[in-house]
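A.B. asks: Sequence:
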Amino acid sequence: MLAAQNAVESPQSSPTKSAMGFVPVLPVVPPRVASTRGNKDDARVPSPFAGWNFPPSKEFDSNETSPTLLNAPLQVDEPISPTRPNFALRHSSDKKVDEKAHSPSIAEELGHHPPPSPPPPAAPRWWHRIPIISWCFEVLATHFNPLFILGVFNIRSYFWPLSLQKAAYMIVYLSIIVVMVTTAQIYHWGDGVFHVLKGTVWPLMVVLICLDPVTAVYYSSIAPVRPLLAQSCRPDWEDKEVYELQMASKELQQGRDLATIGAPALVDSNTRDTALIIPCHDSELETTELVLASALRLFPPQNIFVVENGRSAVPPNRIFQALVHAIHPEINYIWSCYGNKNIAEYVGASAAHRFKYIATIDDDVILPANFSAPAHLIDDKTKGVCFPIVAVPDQPDGSKSIFVQWQEIEYKFTGLLKAAERAHGGVCFPHGAGSFWERETFLKVLRRVDLVFYADDLKKGLACMELDVTLSIEHQSPIETVVPLSFAGLPLPNYWTQRVRSWEMSRHTLYWTWFRNMLRWNTKQRFWTVLTHKFILFYALFVNVMDWLRLPAIIIFSFDPYPFWLVSGPLLVLPILPSLILRYWKSRSAGRVDLRNDLMACLTLPIYKIMYNVCSVAGLLRTFFTYYPNRRRIPTIPELEKLTGDARPFWLDERFSENPGFLADEADSILIVVEDAVAAEKGVMAVVDAPHVEAVVP
Numbered sequence: 001m002l003a004a005q006n007a008v009e010s011p012q013s014s015p016t017k018s019a020m021g022f023v024p025v026l027p028v029v030p031p032r033v034a035s036t037r038g039n040k041d042d043a044r045v046p047s048p049f050a051g052w053n054f055p056p057s058k059e060f061d062s063n064e065t066s067p068t069l070l071n072a073p074l075q076v077d078e079p080i081s082p083t084r085p086n087f088a089l090r091h092s093s094d095k096k097v098d099e100k101a102h103s104p105s106i107a108e109e110l111g112h113h114p115p116p117s118p119p120p121p122a123a124p125r126w127w128h129r130i131p132i133i134s135w136c137f138e139v140l141a142t143h144f145n146p147l148f149i150l151g152v153f154n155i156r157s158y159f160w161p162l163s164l165q166k167a168a169y170m171i172v173y174l175s176i177i178v179v180m181v182t183t184a185q186i187y188h189w190g191d192g193v194f195h196v197l198k199g200t201v202w203p204l205m206v207v208l209i210c211l212d213p214v215t216a217v218y219y220s221s222i223a224p225v226r227p228l229l230a231q232s233c234r235p236d237w238e239d240k241e242v243y244e245l246q247m248a249s250k251e252l253q254q255g256r257d258l259a260t261i262g263a264p265a266l267v268d269s270n271t272r273d274t275a276l277i278i279p280c281h282d283s284e285l286e287t288t289e290l291v292l293a294s295a296l297r298l299f300p301p302q303n304i305f306v307v308e309n310g311r312s313a314v315p316p317n318r319i320f321q322a323l324v325h326a327i328h329p330e331i332n333y334i335w336s337c338y339g340n341k342n343i344a345e346y347v348g349a350s351a352a353h354r355f356k357y358i359a360t361i362d363d364d365v366i367l368p369a370n371f372s373a374p375a376h377l378i379d380d381k382t383k384g385v386c387f388p389i390v391a392v393p394d395q396p397d398g399s400k401s402i403f404v405q406w407q408e409i410e411y412k413f414t415g416l417l418k419a420a421e422r423a424h425g426g427v428c429f430p431h432g433a434g435s436f437w438e439r440e441t442f443l444k445v446l447r448r449v450d451l452v453f454y455a456d457d458l459k460k461g462l463a464c465m466e467l468d469v470t471l472s473i474e475h476q477s478p479i480e481t482v483v484p485l486s487f488a489g490l491p492l493p494n495y496w497t498q499r500v501r502s503w504e505m506s507r508h509t510l511y512w513t514w515f516r517n518m519l520r521w522n523t524k525q526r527f528w529t530v531l532t533h534k535f536i537l538f539y540a541l542f543v544n545v546m547d548w549l550r551l552p553a554i555i556i557f558s559f560d561p562y563p564f565w566l567v568s569g570p571l572l573v574l575p576i577l578p579s580l581i582l583r584y585w586k587s588r589s590a591g592r593v594d595l596r597n598d599l600m601a602c603l604t605l606p607i608y609k610i611m612y613n614v615c616s617v618a619g620l621l622r623t624f625f626t627y628y629p630n631r632r633r634i635p636t637i638p639e640l641e642k643l644t645g646d647a648r649p650f651w652l653d654e655r656f657s658e659n660p661g662f663l664a665d666e667a668d669s670i671l672i673v674v675e676d677a678v679a680a681e682k683g684v685m686a687v688v689d690a691p692h693v694e695a696v697v698p
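Here full-length UniProt numbering is used: the first residue of the sequence shown is 1, the next is one more, and so on.
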């Protein structure tokens, strides 16, 4: 310990403190004059390292920069040298380091020749010089990755690893195919069915193509649209609380400053009674920083509950917890040893027993400045409130491609549908990105749904119907959510993985639940509310049936494509109509500029509809060839609580009522012991300052 203090107090070595501790400190070398690399006429300044013999170091590499908490790209103000730790670093939104900030490596300082420069780029091909062809190649490269497409059609993934359940399903499917092919060859019923379906191609195509745009025109016409809220919260000047963000100012998206986002906020009574729950799993640190910064502008830090969940008894590391506490030490951090979003929300709601309301958002949702807790919409019948969502790309500049704009139009129509449902009795299903609940009702809803990851928003809405409660929508405070940038390209998740492997597949796993709730009469609701819910459930079932009809339609049109284009060609332009209504009517009547869409995105929307239909059919096939053969029954929350000797329902532990984050605290103590043992073995003095461990190399 004394050696560590001497190392800290030494005037020749001023330790540079990183986000997680101290970095090794070496003697400071006097500043050198910038080298004249590349200019043969100027004499090179002799290096102060000439004649020195550098042993290999594991802490620093000549091509690496000092590690930071967020591992954010660094822009260097001074030349970086491994023997000069007192260089100035600042975060930058640009991932590229300025070329002027390049410093000579150790090999160059010792007089070795620099590595050869890369060869000049090859001359562009002739097709790159034609704009339209170059644009087509760029679109194909952006939205279609060959390796990903090969992985989609990898037949081995559907059979391996092989289990008895999967083998039984595959045998049943193969038997059905063999029986159909054999009977068709013997009795020739295939030709008759083919001619019958081909004769009904007109009504079939009208239903498949026209139903969605016609219903969109209807509910967008009757949906009430109100102006956006002007201020973030209603101030209460008699009892206000001021919270400041305790961290350095950094540049954020669109030039916003972190200190500005975390500026003092006036908290109203509804916000003081609301707990914000943020379930996290493998979350990006930079995105989490933005989410918490926007939340601190609206909520007190004591009202924020960050629930990180995974499949281990303790957190694998303390990086995420250190980030949360570095943003504000009073934010509640909880580790959930059960890797499930519904469990994380249940744990957060159980820990927030002092609050009356619960607001939950995903770990990539940045709350808008005009967000306000809509507690005024909660009454005896309405126990939850959902928010419309806005599509934003995961890009630093925030520019929206036409593919992102297509998804944004889809999200806007979903918000209009929920507004129309509210006008006719109540919203059926909340958005998974964010919602607002009465706490007791939220706990009851989570106890009724299963713990399967898919379709958690649909299951919550169905649970509300079983509890005879309704939902509302606060469409004056839309929240942002990140959307895929490509159809089947990189980075992941792309549109195919989001829709086929999650959204569209999950729709086909709820047949019995939808049918059961459609036949059940909610006696505690108003008559028109019940009829609205039954119609929405019937429409959801009919959409699933249309996915089944698309399969024979595709087979028929593959043999004779002429009637397909003859019939569907004029009908494919129908999705343009509701988008134009939204652009020129609904947005202008309410003064909502945010609802206006780009004209080119509106005119090309039929292309997006074709892509969506392809994903719908693929999701149907994946349901029966991947989901059901690999399905495992997962116990619900009440069933988990009845298990004896199971550590997963840790919220039943006596320590949880006093300290909901006790698992993370135990992890801290375990890591401290491990780090002390490792430090003693390596001869490194460890200065323990719980919950952080700071190591100083003497």
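Do not take every clue at face value.
Per label pair, the in silico range of CB-to-CB distance [unchecked claim]:
#  : residue 1 : residue 2 : range
1  : L551      : G398      : 33 to 43 Å
2  : Q395      : V593      : 18 to 28 Å
3  : A141      : L551      : 28 to 38 Å
4  : L541      : P638      : 45 to 55 Å
5  : S221      : Y173      : 40 to 50 Å
6  : V196      : F535      : 21 to 31 Å
7  : E440      : P635      : 47 to 57 Å
8  : R655      : E138      : 54 to 64 Å
9  : W135      : A167      : 40 to 50 Å
10 : F535      : N154      : 21 to 31 Å
11 : L643      : Y173      : 26 to 36 Å
Subject to a maximum C-alpha distance of 16 Å in a straight line, what follows is the list of computed EDC-like cross-link-like pairs (lysine to aspartate or glutamate) [said to hold, decoys possible]:
#  : residue 1 : residue 2
12 : K534      : D547
13 : K341      : D363
14 : K381      : D468
No lab work stands behind these hints: they were computed from the structure.
Predicted, not measured: the structure shown is a model, and the values here were computed from it.
Quick reminder that beta carbons are idealized off the backbone N, C-alpha and C, glycines included.
A.B. asks: If a hint holds in the structure, say so; if it does not, say that too.
C.D. replies: Hints and how they fare:
no., hint, verdict
1, L551 with G398: 33 to 43 Å, "holds (39 Å)"
2, Q395 with V593: 18 to 28 Å, "holds (22 Å)"
3, A141 with L551: 28 to 38 Å, "holds (31 Å)"
4, L541 with P638: 45 to 55 Å, "violated (28 Å)"
5, S221 with Y173: 40 to 50 Å, "holds (44 Å)"
6, V196 with F535: 21 to 31 Å, "holds (30 Å)"
7, E440 with P635: 47 to 57 Å, "violated (23 Å)"
8, R655 with E138: 54 to 64 Å, "holds (56 Å)"
9, W135 with A167: 40 to 50 Å, "holds (48 Å)"
10, F535 with N154: 21 to 31 Å, "violated (41 Å)"
11, L643 with Y173: 26 to 36 Å, "holds (34 Å)"
12, K534 with D547, "violated (20 Å)"
13, K341 with D363, "holds (11 Å)"
14, K381 with D468, "holds (8 Å)"
When the structure is compared with the earlier hints, violations turn up for hints 4, 7, 10, 12 and for no others.
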